[in-house]
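> Could you build all of it, start to finish, from the sequences and the hints given here?
This is what each chain is made of:
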Amino acid sequence: MTVGVCYFPEHWPRERWETDAAQMAEAGIEYVRMAEFSWAVLEPEPGSYDFEWLDDAVEILADHGLKVVLCTPTATPPKWLVDRHPEILQADPDGTPRRFGSRRHYCFNSPVYRQETRRIVSKLAEHYADVDAVVGWQTDNEFGCHHTVRCYCEDCAAAFSEWLRATYDDIDDLNEKWGTTFWSQRYRSFEAVDPPRPTPAEHHPSHLLDYHRFASDSVVDYNRLHADILRDHDDWFVAHNFMGDFETLDTHAVADDLDLVTWDSYPTGFVQDRRTGTPSMDELRAGDPDQVGMNHDLYRGTNDAPFWVMEQQPGDVNWPPHCPQPGEGAMRLWAHHATGHGADAVLYFRWRRCREGQEQYHAGLRKQDGSADRGYRDATDVAADLSDVDSDHVDAPVALLHDYDDWWAVSAQPHAPEFDYWEHARTYYRALRARGVQVDVVHPETDLSDYAAVVAPSLHLADDERASHLREFVASGGELLLGARSGAKDPYNKLPDELAPGAFADLAGVRVDQHESFPADVDLSVAVDGGRAADGNGDAYAVSVWSEWLDPAPETETLATHTTDLADGTPAVTRNVTGDGSTVYCGVWPGADLADELVSGLLSRAGVETTHRLPDGVRVNERDGLTWVSNFTSDPVSVDAPADATFVVGDETLDGFDAAVVESAPADLELGTDD
Amino acid sequence: MTVGVCYFPEHWPRERWETDAAQMAEAGIEYVRMAEFSWAVLEPEPGSYDFEWLDDAVEILADHGLKVVLCTPTATPPKWLVDRHPEILQADPDGTPRRFGSRRHYCFNSPVYRQETRRIVSKLAEHYADVDAVVGWQTDNEFGCHHTVRCYCEDCAAAFSEWLRATYDDIDDLNEKWGTTFWSQRYRSFEAVDPPRPTPAEHHPSHLLDYHRFASDSVVDYNRLHADILRDHDDWFVAHNFMGDFETLDTHAVADDLDLVTWDSYPTGFVQDRRTGTPSMDELRAGDPDQVGMNHDLYRGTNDAPFWVMEQQPGDVNWPPHCPQPGEGAMRLWAHHATGHGADAVLYFRWRRCREGQEQYHAGLRKQDGSADRGYRDATDVAADLSDVDSDHVDAPVALLHDYDDWWAVSAQPHAPEFDYWEHARTYYRALRARGVQVDVVHPETDLSDYAAVVAPSLHLADDERASHLREFVASGGELLLGARSGAKDPYNKLPDELAPGAFADLAGVRVDQHESFPADVDLSVAVDGGRAADGNGDAYAVSVWSEWLDPAPETETLATHTTDLADGTPAVTRNVTGDGSTVYCGVWPGADLADELVSGLLSRAGVETTHRLPDGVRVNERDGLTWVSNFTSDPVSVDAPADATFVVGDETLDGFDAAVVESAPADLELGTDD
Amino acid sequence: MTVGVCYFPEHWPRERWETDAAQMAEAGIEYVRMAEFSWAVLEPEPGSYDFEWLDDAVEILADHGLKVVLCTPTATPPKWLVDRHPEILQADPDGTPRRFGSRRHYCFNSPVYRQETRRIVSKLAEHYADVDAVVGWQTDNEFGCHHTVRCYCEDCAAAFSEWLRATYDDIDDLNEKWGTTFWSQRYRSFEAVDPPRPTPAEHHPSHLLDYHRFASDSVVDYNRLHADILRDHDDWFVAHNFMGDFETLDTHAVADDLDLVTWDSYPTGFVQDRRTGTPSMDELRAGDPDQVGMNHDLYRGTNDAPFWVMEQQPGDVNWPPHCPQPGEGAMRLWAHHATGHGADAVLYFRWRRCREGQEQYHAGLRKQDGSADRGYRDATDVAADLSDVDSDHVDAPVALLHDYDDWWAVSAQPHAPEFDYWEHARTYYRALRARGVQVDVVHPETDLSDYAAVVAPSLHLADDERASHLREFVASGGELLLGARSGAKDPYNKLPDELAPGAFADLAGVRVDQHESFPADVDLSVAVDGGRAADGNGDAYAVSVWSEWLDPAPETETLATHTTDLADGTPAVTRNVTGDGSTVYCGVWPGADLADELVSGLLSRAGVETTHRLPDGVRVNERDGLTWVSNFTSDPVSVDAPADATFVVGDETLDGFDAAVVESAPADLELGTDD
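Residue numbers (our numbering), protein chains in the order written: chain A, 1 to 675; chain B, 1 to 675; chain C, 1 to 675.
It is possible that some hints are incorrect.
All copies of an identical chain are treated as equivalent in the list; a pair is satisfied when it fits inside any one copy or across any two copies.
Said to hold, decoys possible - Lysine to aspartate or glutamate pairs mimicking DMTMM-like chemistry, simulated, CA-CA at most 20 Å apart:
id	residue 1	residue 2
1	Lys177	Glu359
2	Lys177	Glu10
3	Lys177	Asp463
4	Lys177	Asp369
5	Lys123	Glu52
6	Lys177	Asp497
7	Lys123	Asp56
8	Lys67	Asp245
9	Lys67	Asp513
10	Lys123	Asp228
11	Lys67	Glu52
12	Lys67	Asp259
13	Lys67	Asp235
Just so you know, these hints were derived from the structure itself, not from any lab.
Below you can see the structure in the form of structure tokens.
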């Protein structure tokens, strides 16, 4: 329960560092991250190292009681390295190199760059192994940012062939698993399989999926290279800072080599550039708590352990389309919200607005002239708030299953421009969170025995093993909700012999007779239980974009039927009891009301206690006996808590963009808003 | 009057083929198309052929009384061929190769690929020359799909220079015909003329037009190479499957080397991706009958002979933006509609949903698990319907003139983003069809003596020869409607000396004083006969996008005048009598009501009988004494036929997406709808 | 006060030239520009020149009393030159060459092309040095058109390194000035700095700014090469024809080597393709007088001398999205409007619609058949009008400061897609012009002592020298309005140590506490003087896109405060008195009403007389005692002038698209419209 900051002493005169350290300490900051992007300063000439400035910085911070997290500086190879080895550059699909002049211009599969990485990481690890103040490391920075997970250079072409050789028995096995008879796409050797470069028509989906797996695995390998060297030198922690709503990198796989999972949270940017729908003014001011929260729960779930926010938005930022000022107190709110979701530390990025280079329009806790900015005041407040709070594990009753392979497969063949895998999953996540429930976003192979309910928005690629895992969960009393497009494909991105939901068909007691997709502005609807529910769409529940016509087995109950046009009267949502539990199959992309209806039923059957339905922008989180109330709106919220409940932070009245922490369960609170 | 199916036995276990054949026969299917895209299976190793599987498939089908159409497999050269000869790949204008990994990745002008094509086609022709069940061939597949008519590789650069050498007397002749003094674009040799690769500003329009002619001619040559070899071996028919609303390939020229013209019809896809305007729900379910019908009439007109639909949409498909399920019965409706337009066979694509590769989201008549899909039931129904129907030639009283050169010239200089040559032509086509009239879409050089009326929406490139042809038609009593931008250019895409309509000016008795273009949402209007007609736009007829100010000769009648703004009072539509006929010149892009007004007058003067004005989505077709009524809407349609008229298919009441065939002329029917 | 025409005799038979010259003389034309784009005709074979045709054309024109302006033909190197030296081609950032086939396909830094330029320009200058009729030269044509100022070829890469070497003391100086510690972007030599080619993330803003300076300087050098050769041969004038609203080339710097600044004015094109907002029908017919006028005032201001319109739109043109016919009389109106703004000659482009090449859809004064087009009649009218008018210098009381470096810096980091530097400046320009005030658009280093008021919409890059210049202006009684984002950066595109407005902070008496940006459709507002002004936005003045929260010094007056949301109550506009003048700082992008309010206050304090607020589309210009009234609307305008005021052109009633010239000051006129 603490805060920190990202610091670039190399951008400022050495005589300022003492002041900076003192101001950090005064604010209550505990952790300081440094040396990200610093290769050209650490090794200004090839083979000639200068660590002295960093030594001094570490020492000054340590003198003020601050703990240091260092970064391997590999996200920015210096120009001299690129000039010596231009083959380390990434390439676009058409072969255009991604050149020096920004960051992340290296290929994960470059043998030369891996060698250079070993060299600089070893030097640093060796140098700081005995420095007590250095408590951990961040590997590189935001692997894959700027669309760099996927590279198409010659080194990747060779590595991909090797990856395929390691994955398949032989080339006939690949031809069989992918299905290459279609369009004469058979290969006679692994060497013959190229990266998916420009072609007249779309690529083979199995080829694409494997290339995306390979590209993600390349990052996993590259991260492991860092982690192994660092662990060889000390027992500091090894972390990486992942990104929000990020598709191309399998966080679960990278995290296997990490001690600590962290991510970089920029709420007012994300709500503009990676979410469907025009942001409201409140969202421009503070973001969407479910969008941010789903990332918290993903990264917490990755290692089933507390996580950090390694970079927390400190004020206005440079990269979204528009850059409004965050709401009054928003920087404090975000830290509370993260902590409620299980963060043990929240580090603001950055200490001080930088005068040079690409991020001059990115605020820091201090302004460029050194004076305190809005974020500094918020950070100081939340550091004080959290100093009173000691909280352990988040205990979530519900798991939301997510597999990056499914994301990649759906993205390669969305079958409607609007079908975004993650946005679809967020629909269910949002409904759960609107009922005050904690959610673990976890890989489908996770042990599910401790969960009362499981929501699987789209378990797209399926085989018997995955089906067995869910079958056991339901058999022993678990309540499962399986969403649209589940089981539609086999693990190689082919259609299975049987109709969707394929391997899950017996469990769900249903077959998908037909699927169809529509523009988002076409109104579709379903009726629940044969009746017609009140809803913005008239007398039925609104659904959109995706519609399946279900063919339930005789014993399977129909929960909702289509009420639109051609599909009128056809089952849309079903429920099948197996063992001590049951499986709901939802063949549509539900609107918010239908999602609430389905999720409420699921939670009720699973015996999970919920709040009343919370309005958008107001959320609660339970962590180890404490409940965080987060108000992402500009309107006040009142909290009616049990008489004996103590407010650890705040009180019964939250201002706009305010937070409170109370010793009570969410379901025991009554939240009042103007809505 | 029959149906067929496209079949890929190589995608399924050999033990299934017998079942497939039996089910085809049971459905009433007569033709089976095979071996498209099968090169890698027919020649798995370079020089090592395996035709056995195909022999077996042909035999099994023949045993069930089915006739086979084979395809030359050249649309998909195998990877081993590409690896041996990477120079066969096409290139984008900027030189980026279009690589292996989908289809159509070869250049039509590659000498190596032409040699390889001769080899594989000869082998196949030789092998199947004695097999009775093989009744015909399809050359390659959808020439030019995925923007592949136009390639910019080095082989094309060399071939283009040779094409120019064959087209022009010498380089001075080219300089003169193109007009290369402008911007110092003179050439000193044919070798110096490059393909139109990236340039700072737009390309020379004469250069573009000739490159587009050359590219189309390259396909014509390449197709002839197939046809000649096939004809050397047997007297089976040679066909090709063209595409819908397809700009870049001159169908007329390719067809000269074909016995049978076919095309691939996907109504719910086309209405989304190659038509202006947001599709209605009915159109998402069944498409736009005029969009589909115009293609039918184009391909029927190409060889003045019955055509086939070689691929008919079988259900939902994978490639449009959205993929709704077709309306109930739509797959049957489309086959009827095609037959009414003159199709002798309609083959559904494909037999069974494919489990692998790029088209997994494309339905078949059977589902991936082998069970019957919606299309199978519709196909079975229509096969039964058509077994009772025997109908010969379509006899159209009206010709709509279309020349690909005009399309290419207008596309190179649309002068308004909204000016789409084909959409503009469709405005007139739609008006004719709404009056129940059969239309031949034919090349302007077609013998016109049998037509009562001719509509030429935009005969853009003109010379005296073309003008004479029309002059003779009108002189002998023909009624002509000449649309905007006609005669604006000479055949080399230069302005002629005289003002538009250039070579047609005497015939039309009019000169274009000015032309102008506007955004589609700017309301323009004209008044007919000096009066003001009731219309959605108030008291005048709506027109849009394109407006010419006409200067009629003294004897020329003004049919409509502009009523908008600066052009107010200026003639917009004129009529000039020459010989026994007359010529209407329409200098605007008419709205539907004005198009109806103009077309009705034309038909009336030409003595063509019409129906009352049919609502959108309901169309009639007369073929050899029978009238097809096609209902592309979800609402019922009643057919009031003469008492003695027999319904060969259906009866007086059509459901949504239903069809009927009645022994009566269209003009004798009264169709009732809710509209 | 005269008109001219651009003429391409080489496009027409020699026997026509005599007629052309006679018709020009008859129209009252004085100047004829020729030989643009004629290299391939002047040197049809390498080293073999043919100037005879041009000699003849000059002679024929001279015989009719016409004066000739010739052009260096370098905008279109012939194909034979490109084939011999393909390295002269420009390259896109990704290396794709910009090839032959249009125009402007050469690199300004190509040593080979500079040599070829010297050769052809010397030949021409030598040849025409003794020809009296040739009074001046245009260098090349529209430098930078089609995005060609910025090239990324190898010649540019080398030249950029040399440019940097000449600009900075040494590479350490560059590293310090740019700030390359950020993201390890340090360089060890000038050679190591590449052009900004494709990178994973955005480029370093200092790198971008210097590349854009270098690219502009390359054109300056290339133009000087022409000018020096031409001046070596005769004392004819040397001019260049610049473009409208053109960002990438520093006109001020090019103009230092010119005797005469000219530009090419296409009002109905510009209003469509380089202005925010959908054009009204009147604007489609005649353009936006403030958009056109701001260019007039820029190019007049460049050399503080009369300018020419070297190309004036003659009718409909080919390149905008849509091509309506100009309003009746618009071609005359534009010439009057230009003359009122200080033009001494207006040359229509082109004499006759060209039958060949890329501009066939571009009208001329004569149609392609040689007959008079609408523009010929208007040109004849205005030539007659202006023959009575003799007017000297425009004397503007207000300067609007503009620096291309600021434009480039803001474009590289707009911080909101809607923040267009030029559009923002136009907001202030428009407000000044709506009050009938003449404006000089000048470089910030211009001597300001003769101006009563100065508006600096966004002096983004600032240092002490620039601040001193303004400080002196205000100290001696000048009234200054400093707009948003002023002083935010130092001249190297880094943040200065202090907060914005940086070097201007003392003068403005204010600090920018925060800045923020919003989508254009988010309603923002401010209240003036603590009150609430009537406005379309309710009770406050509308502002948009950009908002700064100001922190005024104690003695600084707050003129307006934010009334929106989070910023409510915070100062938005301030005023600070220093010496005998004062400085208004406006921290928002004002709507038209706020801009009028601020500008009116400024003019009032500065003692500048104004008109009542003129409606959009109606403007007045004072030039040497005469006032031009220009009506860019289709509605009539009445002019109530003092009794003794003589109308030199027109009278008290202007029709739509009409102009009048009256001997009276603007402030003494009362203009009546329907508004």
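> Hint by hint, note whether the structure agrees.
Against the structure, the hints:
1. Lys177 / Glu359: Close across copies (16 Å), not inside one copy (46 Å); limit 20 Å.
2. Lys177 / Glu10: between (52 Å within a copy, 15 Å between copies)
3. Lys177 / Asp463: Only inside one copy: Lys177 and Asp463 sit 13 Å apart there, 59 Å across copies, limit 20 Å.
4. Lys177 / Asp369: Intra 61 Å, inter 18 Å, cutoff 20 Å: inter-copy only.
5. Lys123 / Glu52: within (13 Å within a copy, 64 Å between copies)
6. Lys177 / Asp497: Within. Shortest intra-copy distance 13 Å satisfies the 20 Å Cα cut-off; inter-copy 61 Å does not.
7. Lys123 / Asp56: Result: close within a single copy only, 17 Å intra versus 68 Å inter.
8. Lys67 / Asp245: Close neither inside one copy (29 Å) nor across copies (54 Å); limit 20 Å.
9. Lys67 / Asp513: neither (59 Å within a copy, 31 Å between copies)
10. Lys123 / Asp228: Answer is within; shortest intra-copy Cα gap is 14 Å, inter-copy 59 Å.
11. Lys67 / Glu52: The answer is within: 18 Å in one copy meets 20 Å, while 74 Å across copies does not.
12. Lys67 / Asp259: within (17 Å within a copy, 67 Å between copies)
13. Lys67 / Asp235: within (15 Å within a copy, 75 Å between copies)
The earlier numbered hints that this structure contradicts are 8 and 9.
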